[in-house]
Every structure is written in structure tokens, then in C-alpha cells.
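So the sequence lines, in the order shown, correspond to chains B and E. Numbering-wise (the numbering used here), the first sequence opens with residue 2 and increments by one. Numbering-wise (the numbering used here), the second sequence opens with residue 2 and increments by one.
It should be emphasised that the hints constitute simulated quantities derived from the structure, not laboratory data. Even for Gly, the Cβ is constructed at its ideal location relative to N, Cα and C. Be a bit skeptical, because a hint or two may be false.
With a Cα cut of at most 27 Å, we get these calculated BS3-like pairs of lysine-lysine [unchecked claim]: (1) E:Lys427 with E:Lys233; (2) B:Lys356 with B:Lys414; (3) B:Lys414 with E:Lys427; (4) E:Lys21 with B:Lys414; (5) B:Lys21 with E:Lys356; (6) B:Lys55 with B:Lys38; (7) B:Lys545 with E:Lys545; (8) B:Lys390 with E:Lys21; (9) B:Lys296 with B:Lys269; (10) E:Lys30 with E:Lys90; (11) E:Lys390 with B:Lys21.
Simulated DEER-style distance windows between Cβ atoms [claimed, not checked]: (12) E:Glu4 with B:Lys152: 55 to 61 Å; (13) B:Glu50 with E:Ser328: 52 to 58 Å; (14) B:Lys427 with E:Gly39: 49 to 55 Å; (15) B:Lys513 with E:Ser535: 44 to 50 Å; (16) B:Arg631 with E:Lys231: 42 to 48 Å; (17) E:Lys452 with B:Glu417: 41 to 47 Å.
If you want the footprint, here are the derived chain B segments under chain E, 3+ residues with CB under 8 Å [claimed, not checked]: (18) 159 to 166; (19) 303 to 313; (20) 378 to 391.
There are 2 protein chains.
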Amino acid sequence: MLEHFFSPKTVVVVGASREKGKVGHDILKNLVQYGYKGRIYPVNPKAEEIVGLKTYSGLNEIHDKLDLAIIVVPAHCVGEIIDECAEKKIDSIIVISAGFKESGVEGAIREQYLYQKITRHSMRLLGPNCLGLIDTQSCLNASFAADMPEKGNIAFFSQSGALCTAILDWAADECVGFSKFISMGNKTDINEVDLINAMHEDENTKVILGYLEGVKNGKDFIAVARKVSKKKPLILVKSGGTAAGSKAASSHTGTLAGSERAFDAAFKQSGVIRAHTIEQLFDFARIFSYQQLPKGARVALVTNAGGPGIIAADAIERSVLKMAELSKDTIETLRRSLPSMANVYNPIDVLGDAKSDRYRFVIENVIKDPNVDAILAILTPQAMTEIEKTAEVICEIANRTDKTIATSFMGGKRTESALKIMCQKKVPNYPFPERAISAIEAMYKYTLWQKKPAPETKKIVADEESVRTVFNQIKKTGAAYLSEESARHVISAYGFAIPKSIIATSEADAAKAAEDMGYPVVMKISSPDILHKSDIGGVVVGVKNEQEVKGHFSDIMRKARHHMPEAEIKGIMIQQLVAGGKETVLGVSYDPQFGHLIMFGLGGIYVEVLRDVTFRIAPVDINEAREMIREIRSFPLLKGVRGEKSVDMDAIVENILRLSQLVTDFPEIIEMDINPLVVFPEGKGAIAIDARIAIHVQQNKRIGGNAF
Amino acid sequence: MLEHFFSPKTVVVVGASREKGKVGHDILKNLVQYGYKGRIYPVNPKAEEIVGLKTYSGLNEIHDKLDLAIIVVPAHCVGEIIDECAEKKIDSIIVISAGFKESGVEGAIREQYLYQKITRHSMRLLGPNCLGLIDTQSCLNASFAADMPEKGNIAFFSQSGALCTAILDWAADECVGFSKFISMGNKTDINEVDLINAMHEDENTKVILGYLEGVKNGKDFIAVARKVSKKKPLILVKSGGTAAGSKAASSHTGTLAGSERAFDAAFKQSGVIRAHTIEQLFDFARIFSYQQLPKGARVALVTNAGGPGIIAADAIERSVLKMAELSKDTIETLRRSLPSMANVYNPIDVLGDAKSDRYRFVIENVIKDPNVDAILAILTPQAMTEIEKTAEVICEIANRTDKTIATSFMGGKRTESALKIMCQKKVPNYPFPERAISAIEAMYKYTLWQKKPAPETKKIVADEESVRTVFNQIKKTGAAYLSEESARHVISAYGFAIPKSIIATSEADAAKAAEDMGYPVVMKISSPDILHKSDIGGVVVGVKNEQEVKGHFSDIMRKARHHMPEAEIKGIMIQQLVAGGKETVLGVSYDPQFGHLIMFGLGGIYVEVLRDVTFRIAPVDINEAREMIREIRSFPLLKGVRGEKSVDMDAIVENILRLSQLVTDFPEIIEMDINPLVVFPEGKGAIAIDARIAIHVQQNKRIGGNAF
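Work out the full structure: start from the sequences and follow the hints.
Structure representation (C-alpha cells):
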């Protein structure tokens, strides 16, 4: 996949330059100097030779099959070169040049033309407006970066080229090695989805990292991330989420930033490990790259200093990890051999005078303890401390155990050479214990994701046709919102229970209907023309008997005719009055990158004031629906407090799935509320009292997951 | 204050050693080698000379006035040496030796004796079980640390000695300089309060840092922190807060860890800037040490890379800071001179090819903008970037402006020498922009604290005597909980409004009482012997008229006599039925380090399920009480939603103050709930429906703020 980008046999650089410091020069130099074994062809009509290579005045002069073209000419010449590439049957193109979408309207149009050319010729394109890419396996440095990173098993892609240069420089110091390193630029063609797929298949890549400001296609992203993350950790930093951030994002690469919530849901649903800062991205990357996944959550701390031990224990307590409780055997063994002042419980304090042998003894015993899944070894440089030797000892043990080991050697100059040793021997060190704990936590959470069962879906039996009919009618009228009756019809067609209701046209009919469904009832004027029914006295709640029904019937009719003499009146709706149960809310919103978001929360003030809601991207499976319910803060209220019975959780799950399927079947729904969905005690189901549905009605344009 | 510790004219080291690597040797060597100007006397009966100094066999051999004694002898000999020090009139002692509280019961007893000796002789003691201290001004290194830090304006104290060694090593790399550096050890005598006071007065200290696992005396800590933080930033890391952390803490230095909540409240109330990690402690320290405080929250970002600009903008959005909106003038000026592709709005993108002159031009203009309070300059190493020169430019501007400037030069080797320049010129650099933003945020929050008005207190008029009588009676009985009647009496004496109630002994009296207070009423059997009144049918709620009163009266009496014939019955209480209003909860708990914590929250599920409560340490002032109300998540419910009126906030404030004063006047209260406190709309007050009070009754021991 994309193999001509990562291991081409031949590369042509169009726009190669003699001038040092120019991008067209640096790329050629990078290709030559890092040991790339393929053939390199510089194209420059004005030069004879650049960095020792014969130059060509045009592509047609080169008599070789060309795998990869790197284009560095001014933006307005790129199109022409692409055509020449097509003639030469080059299928893989990197456009380094800027001057496209990121530079305004003209550039955006130019980029669109570029995209059309590429697709017409079935080429793949990386960029434009990018730094290029690096593949350490094939020694290909097809970028104008100033460095070649070390070989390693971390693949990195970035939506910011400048960030790449900073990271390469930083990585050299931290001995972080890469398998692939890719600057995506404007993502006209190749985007995160292609790259994640390529890295998934790459056997030299163990960990996939990325910096994103948005995704090109949310549905595809979720699908590929979900697949890949089951096999390899996929760690991403997403920026541009907040209001100010996304303002910066659109002026940067013109990406639609997408709401934070949609990204949060998408990452959760697809097993993406979200790093919150670039620092954290690499904190996580190193442990995944170096170490094995922990089998469980239990961490043992081994330290020669009390304070940092407490700091680490605090960090564990705040995480999903647990402090390991050492087995009796381990405690006994430690107690027998350690000085009496040492703490043999977790955190194990080996004391300030511990040399490497004491660290060895303790770690060897702790690593054997069945109650321990991971170890963090903390070291502060004391007078007696054998810093390098202790590093050696830890590395040696780490390399023969299947448990996770990280270290936090704290200090500066004194710990420097120990850090080098640990880097080489693949034990991740963190300058402060909190960062080590959060890296171990990321690993543990990832194991939970890996163990998660496959999505359990359920086909909802629904009357899709009748909903389609309703929507088509609405679209003809050009209205965005469905009437109350239509909305009720739609949700009912998808299996939502709704209050019983009948439209009565006479007092006698009304009384009979009320009798049939049982008192008390609600009475409402039924008219497509009367929107604010309460305002004209068109609604009465809690009507208790036949006499009241009849009285209100004539009363409501009279008021309606009086206030709105022109309105078409269909009769009066007699509706079951739903009593008891707990109010919840289901909702739908539409995110331009990911499509429909399903919302769930407790009704009333919990949604409106406390914003205690949760989101998932549709379609939602059974487990995700269950997670949504458990995730809200007010979950205990559903579960039942003060001896109350639990509400019918299965009914909520069922209704979330119905909603998910409805919006999947009808992407034109852009906004929807079922508020309240009254949920009764276990086994008693739920009733949707009110629904509000808005659909997209712009002509000839259907909003769908992939429509943008 | 403590001047003999920081600038003694003479120092004696008792337990000086010839053996390299021994603590008694290293301390002496440190004293000698870093330029300390005073006279140094080593005491060691077995040596003649150590590191070039004549040794003495005992203190009495030294014929000089001794200011500071450093004791390094084994724990069991320390007591004897202290006596000798007393004879020599030495008033300042550092005990380096371990083997005290941290090592078990025997050590704890030894430490208690030590404390008694010290106080008897009016000496001050640092330690035991500590690393010693360093004062860079007097070139005094009275520690066995392996390094002498650079001079600087940061003072640091630590409850963990090992952390000190790691920090010194780390600081050398990061060019962080210190004024004072102190390891507190077991804090037998000198503790954080003494040190904060000393640093407050020290003119070489601009920023005070500390690592704490607990405080010795919460009230004193709050008092001194509140005072000092108005003048100098006081930045603390507190660990040992969580369950696992505090378990580690007590096995470490035997400190009572104190609940996280009490510390949170104490830090909030005393202006302490809380750093959450050691890394953050120094991230904050550097900006406070180097830069001036921002006048406001508006930050401008100047960057040569889009991605990091977005990352920083995101971080600002998540903080209390704001993205500066540049003035029209600034935007015009930038637009005129920058390349057309540059973004002249915040974040200002100077583009990847920006050299130092473009940075200069932009920063000089932005710094003049009245809409900007602080600047973060971001740099990634691109081909054209003049890294050192840009650093010089930024430093030069930073040194002539009164606005806050920080940088985020991202990279490794390439940025190294620029970082050195910025260190020297006092511009704080952060490897990633998020850390820079959170440092600027800490500064801005500190300015808010500095501007906060002085505590506004209010003396509550209360019948203290009658409460004392109640408590004394209870104490005699040995009961911990007050009866319902007594609790009502107590809160009423402190001005809480309670429902009207009268004990009636006849049907006629009952009917009259109910008539007077207005229907409906509550009727309750009144008997000190009947605790579970409802269980025997002794409570009726919502009695509506005279007839009902009379009927229930005889009925309740009959039931009570039937179920509990032995009970003393005082009559039937007729109580006003409180309707309307919103239920809130006030509470008190007792923290061993800080004393009484006042709690406030919304009643019912908000407290029980959502734990939506807030705490402050008593005494609470008017502003703090107001903050408490605004702080809970459900505050909008008090403020009124859906067109409701606001509740009577002043009444809540008033009641918080009453509660605060009650527990201040009566420290024996260890637990208290006013649940619910029903609050009515604005101007209508609040009524405490129910109160539960527990007092400490152990004989001859009164729980007070300072009693532990």
C-alpha cells in the first residue's frame, strides 16, 4: 500500500535546485546523503549537475520507469508537471510546493484542479504544502527536513509540517527512532486514513502516532482506526478543538475543525489513544515502542526516596491503575533481606543508600509476584547511588520479563548517561514519576480496548417506507421541522413507544377514546396550522372523567375557532397521560466530519443546567449504548437511590439503537430531540412523550456521511 | 528570622568525618568548598584535621561564639550533643541524622525527647532526618547534597530530602538558580510556616516554592500563607493526598496526610498556587522568577508554525486566559509589512521563513498593543530560522517591556544554545506551548488573588452562653449527638431561622398553636425517650384544620403510650410546615490538620449522588461564602432557571457565616449537618428544617485547632 511512496526504486525531483538552503536543493541532498539505494533523477532545465547527479531538463528525457515524483516547482506550474507525470505513468506524487488551499480562494481552486487531475490519472498524491516523508527502512529521506531520524518502530504523521521539524530535532536528543515520518500538508488526496492503513500493514511499525487538526472523512477514519487499533496502538494529538483553536485551524489549513465532542466520541469508539499534548504523545509512544503491554492494572513502585514514591502513588490513585498489593511471600523475602528501615510494602522504599544490588534484589522479587503487572523504578541521585549500574540492572531484568517496566530516574547531569543506557536497552525513562504513571495507564487502557468484544449490533424492525413518505412530503413543503404529529409518526415507525392518542371529532368520540385508554388524559387541539397550542388554550392536562372531557372538548374547539378562524382543525387529540417513571433525553446532532452524534442524558435540569450528557457517533452498538448510560454523572439516579428500583436500562439501550438506526437510514435528519423519554422501572419499558425532528431540505443536496 | 541558619558567623559540625562519601565528611567539604566566609569548626574526637580544618574533640574545646551546630552523630547520641550545644549557648541546630519518627515507635519517642530539649533551651531545630540547607547569598552549603545550586531568586523547601538531591541535579541543567534551598526532614520544630515566614522577609527571594506531604499546623499555615502570598508567589506541590498516597505518606514521615479537600480549601483561601507535579512547580517558578506579572488575561501568540499556534490557542481556550484581539492599528501595521500569506490575526503566523527581523517587527508591534497583556513566542527550527538571533531579539524586547513574555522554542540540539541565551536573559522557555500557557495562567490567577479585597468578616450576634450550657449538659451524659431539640436550640441561638414550633399538652393548646402559626402544620410526639418517632406513628405531616389537630392529638398520644409506656412524654410539638423554597445543605466536618471544614451544596440527590458540594476552612469570610455558592455546579438552579426567581443568596451567605462562627466558638463540634436549609426567593430568607450536631466528649481533652 502506497509502496511507491515508501520504497520506490526510482525517484524524480522536479524543481531540483543548485542553491543550498532552497527546498529543491535540500530534498535532493537528503535523498542522496542518507543511503537511499534507488536511482535519483533531478529535473532542472538550467543545471547540468546537482549534488553530484546529472540533471535532466524534463521528465521525457529520463529513460527509466519512475516510481515517485517529488514536485518542488511554484504552485502555478504544478498542474503542468502532473500532466507530464501522467504521461510518464508515474503513480505516486509528492507536492512540496505551497500556494494552495492554505493561501486563499485562488489557491483553493488550484488545489481542486490538482485533485481532479490526480483522480483522473489514478495517481496518489501526498501534499501539497508539505515537508515530504521519510522511511528509515528504505533509507528514503524525501523531505527537506534538516535531519534524518534514527531507525525505530514508531511511525508518525502530521498535519503540521513545522511541527515535524521541531519533533525531528527533539527526537534526536531523546533517542526516539522512527519507521516512517510523514508530513501530510493539505491532505488533498492522501490523508490520515490512507496513512494509518499503510502503517497498519508495515511490519517495521509497532506504534502509530499522529498530529491532527481535523479528519478528512469521519466515517472512514472511525472504520480504519477501529480496525488498526485492535492490532497496533494508535496515539493521536488532536488540536483545533476549542473555539479559538478552531479559528486558528481554519486559517491554517482550511480544515473544518469539527466539534470537540465529536472527536471525543470518535476516539472513544475507535480505540484511539488520545494524547493531550505533544509531550504526552511521545511519553506514550516510548513505552508502547519499548515495552510489553501489562496484563493488568497493578503497579509496584520501587524507590530510593520517599517523596517521589508518594508522588507516584498519588498519580496511580488518580488513574485507573491500582497500587499492587504484594504477596505475603514477596513481603517476607524483602523483609528478610532489606535493612529494617526499608518499607517492604508498596511503594517499596529501598532507602537512600541503595546500590544497584539492592535494586536488583527487590525488582527481581517483585517482578515474580503474581500480584504485580507493572513496575515503576524510581531513582534519585544520592551519595551512594550507582546510577548507571542500576540502569543496567533494570534493563537486564526488563529484557527477560514479560511484565511492563518503566523508570523515573530524576535529575540532570548525573542521570544523563544512565538515560542513554535505558534508551538503548528499551526501558522508557520519565523525568518525573507522574508522567511514567500516565504512560503506564495509557498502556493499560489500551489492553482494555483490545479485549473489548466486537460490536454487537441489532437490526431494528422499522417501517422505513412510511418514514420516507413523511420526509418526502415535508421536503416538498420546504419546511425544516416536522409537525408534532409527523415526528410522532416517524419515531413510532422505528418502534419507539409513544403515548396512546386518538383524534376525536366529536364529544362522544372523545369520551369513548378517553374511556378506552383510561383516565386521566391530555386533550390537545389537532391542527397543522396551530403551532403554539397552549397559547390559545388548546391544551388541557389531567382530564379526569367523561363530563370533563365533554366540557373541554367544546371549550377547546371554541377557543381555537375564535383565535384562529382560518386554521384547518382536524379534531381534538385525546392522549394518554403518562405518570411515574424518570425523564431522560435522547438527541441527535450533526457533525460535519463524523456525521450524526447521538446524545443521552437525564431530562430537565440535568441536561439544561448541569449539561450531564454523553455522545456517541452513529451507528451505535449495544455495548456503546450501555456505556453511554453508565457514563453520565447522574447514572446513580437511574440505577435507583434510597432503595428505589432501577429504571429499565434495556429499554434505554433499545431506544438508543432505534435512534441510531433511524438517523443511519435517514441521513437527512440534522437535528432531533426525544424529550422526555420517560423510563419506567425495570421491565416496564419507556415512552417517548415528545419528539422534535429537523431535516435537511436544500434541494438536490442530500446530507450524508460521505457527502462532504 | 532564623538568621543563624542562613547566615551564621560560625558553624560547628558535630560528627565530622574523615571518610569521603560519609555524610559527616560531605557536609564539611560543602561548607569549605563553596566560599562560605564564616568560621568552621569540625568536631571529631578521633581526628586531628579534616579537609584542611583543625578538628576539636568536643564543643567545650572551641573558644568562640557558635551560631549554628550541624549534628551528624547517630540518633541515640543526638540528645547528649543538644545538651552540650545548650551549654555553649548555640541557638540554631540542624540534625541531619536519621533514626527518629520515620523509623518507628522508638524513634518517635526519641524525637519527642529531642523536641522537649529544644524548647526547654529555646533553641530552633531543623530536621532531624534531613539533607540540611543551602543559602546561596552567604555561600553556605550546610548540606550533604552533591551540588551547590546557582544563585537565583527562588527559595525552595522540601519535606523529602531525596527529592532535593534530584532537583539540585536537574536545576543545574535547566539553569534554575536558588536563593535558599532547605530540606525540612521530620519537621520536629522548624516547619513550612517558619520557612515561609523567613523567605517572606528575605530580600533575595522573589518566589517561594515548596514540596509538602502535610502541614504541621493548618491554622498557622493558612495565616502565614495568606499574608505572604499577597507579597510573593507561594507555589506548592502537595502529595500524599489520595488514599494510596497518604498510606505511603504515613509510612514515610509519619505525617497525618489530611484530606485532599481540606488542602484544596486551604490553598484556595490562602492564595497558594498549587502545582500538580514537580515539573509544573518549576514551570511556574521560572516565569514568576524571570517575568513581570501580566496586567490582564489577554495573550498574543506569535509563531512561525501553524500547528503549534493552534495547540497554544487550544490551551488558552481551556484556561482562564483569553486570546488577545489585536487592535485595528496593530493588524494594519502587520498587514502592511508581513508577507501576504502571513496570518495577522492572533495567532500571528510569521511563516516558516521568518528570520529574527520579522519576529522583532511583529513582537515590537504586538507588545505596544493595548489589547495585549502577554506574549508567547513560538519557534520551530525551519531552514531559514535564525534561532539564536531570534532568542536575542526576544530577550532584548522582554527586558524593556512591562508585559509578560514567554517562549516555546520547540526542538532539541538546534534550539539548545538559544535556550541558554534565554535562561541568562530571564525569558522562560517551555519545550511545548501548553506548558507555557499554563505558566502564564498561573501568573494571571495570582494577580487575581493579589487584587482580592481583604477578608470581610461579620460578627454574628449569638447567644453563646446558652449553647455552652447545652454542650456542658451533653458532655456530662457522655453522648456524642445532641437531641433534635437541643440541636434546634443551638442553631437558633446562632440566629438560624427554624420552623415555628410549640409543645402543646392538650388538644385545645394544640389547636390554638396551629391556628396561631397557620395551617398546615406538622405534629410530632415530644419525648426525650422516643428517638424514632415515625416508627411508632408519632409524626403526622400536613395537618390542615382544627378538627384534624384534635383528632391526631389524641391518636398520637395513645400510640406513644401504647408503644412506649415508660417514656417521658412532654406533649405534642406543633410545627410550622415549610412549603416552597429550595433545599440546600450546610455541613461541618473536622480535619485534623486544618480544623473545621464548612460544606455547602444543594440538597437531596445533588449532595448524595452528584457530590456537588464545596468546602472552606472555618472561619469563612463573606467573600468566601459567596464563592462557595457560585462554585457548585448546580449554582444555576439557585440563580433560577426557566424564568424562576433567584433564591435568597444573602440568606445563604448569612447562614454560612453563622455556622462558621458557631464552630469557631465551639471547637468541640466535630460533625454537623443542617439538612435541609430551605432557601426562599430573594429577600425571603431561609429556614433550617433539621440539624444534627455531634460534639467531642472525651474527658479532659478538648478538640481545638491547635490541640493536635
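Checked hints:
1. A hinted pair counts as satisfied when its Cα atoms are at most 27 Å apart, and Lys427 of chain E with Lys233 of chain E qualifies at roughly 18 Å.
2. At roughly 19 Å between alpha-carbon atoms, Lys356 of chain B and Lys414 of chain B fall within 27 Å of each other, so this suggested pair holds.
3. The suggested pairing of Lys414 of chain B with Lys427 of chain E holds, with an alpha-carbon distance near 22 Å, which does not exceed 27 Å.
4. Between Lys21 of chain E and Lys414 of chain B, the direct Cα distance comes to roughly 21 Å. Compliance with the 27 Å bound is thereby established for this hinted pair.
5. At roughly 17 Å between alpha-carbon atoms, Lys21 of chain B and Lys356 of chain E fall within 27 Å of each other, so this suggested pair holds.
6. About 17 Å separates the Cα atoms of Lys55 of chain B and Lys38 of chain B, which keeps this hinted pair within 27 Å; it holds.
7. Proximity of Lys545 of chain B to Lys545 of chain E is assessed by CA-CA distance (about 25 Å); at most 27 Å being required, the pair is judged to hold.
8. Proximity of Lys390 of chain B to Lys21 of chain E is assessed by CA-CA distance (about 21 Å); at most 27 Å being required, the pair is judged to hold.
9. Distance check on the hinted pair: Lys296 of chain B and Lys269 of chain B sit about 21 Å apart at the alpha-carbon level, within 27 Å; holds.
10. Proximity of Lys30 of chain E to Lys90 of chain E is assessed by CA-CA distance (about 25 Å); at most 27 Å being required, the pair is judged to hold.
11. Straight-line distance between C-alpha atoms of Lys390 of chain E and Lys21 of chain B comes to about 21 Å, which keeps the hinted pair within the 27 Å bound.
12. Restraint check, Glu4 of chain E to Lys152 of chain B: a C-beta distance of roughly 59 Å satisfies the suggested window 55 to 61 Å.
13. The beta-carbon spacing between Glu50 of chain B and Ser328 of chain E, approximately 53 Å, falls within the hinted interval of 52 to 58 Å.
14. Under the hint 49 to 55 Å, the C-beta atoms of Lys427 of chain B and Gly39 of chain E, about 51 Å apart, fit the expected range.
15. For the pair Lys513 of chain B and Ser535 of chain E, the supplied restraint of 44 to 50 Å holds, since their beta-carbon distance comes to about 46 Å.
16. Between Arg631 of chain B and Lys231 of chain E, the C-beta spacing of about 46 Å keeps the proposed range 42 to 48 Å intact.
17. Between Lys452 of chain E and Glu417 of chain B, the C-beta spacing of about 44 Å keeps the proposed range 41 to 47 Å intact.
18. For the segment 159 to 166 of chain B, the assignment as covered by chain E holds, since 7 residues bring a beta-carbon within under 8 Å of that chain's beta-carbons and 3 suffice.
19. Remark: the segment 303 to 313 of chain B is confirmed as covered by chain E, as 8 of its residues place a Cβ nearer than 8 Å to a Cβ of that chain, reaching the required three.
20. Counting residues of the segment 378 to 391 of chain B whose CB lies closer than 8 Å to any CB of chain E gives 5, so the stated coverage by that chain holds, three being the minimum.
Going down the numbered hints, you'll see the structure goes against none, and every one checks out.
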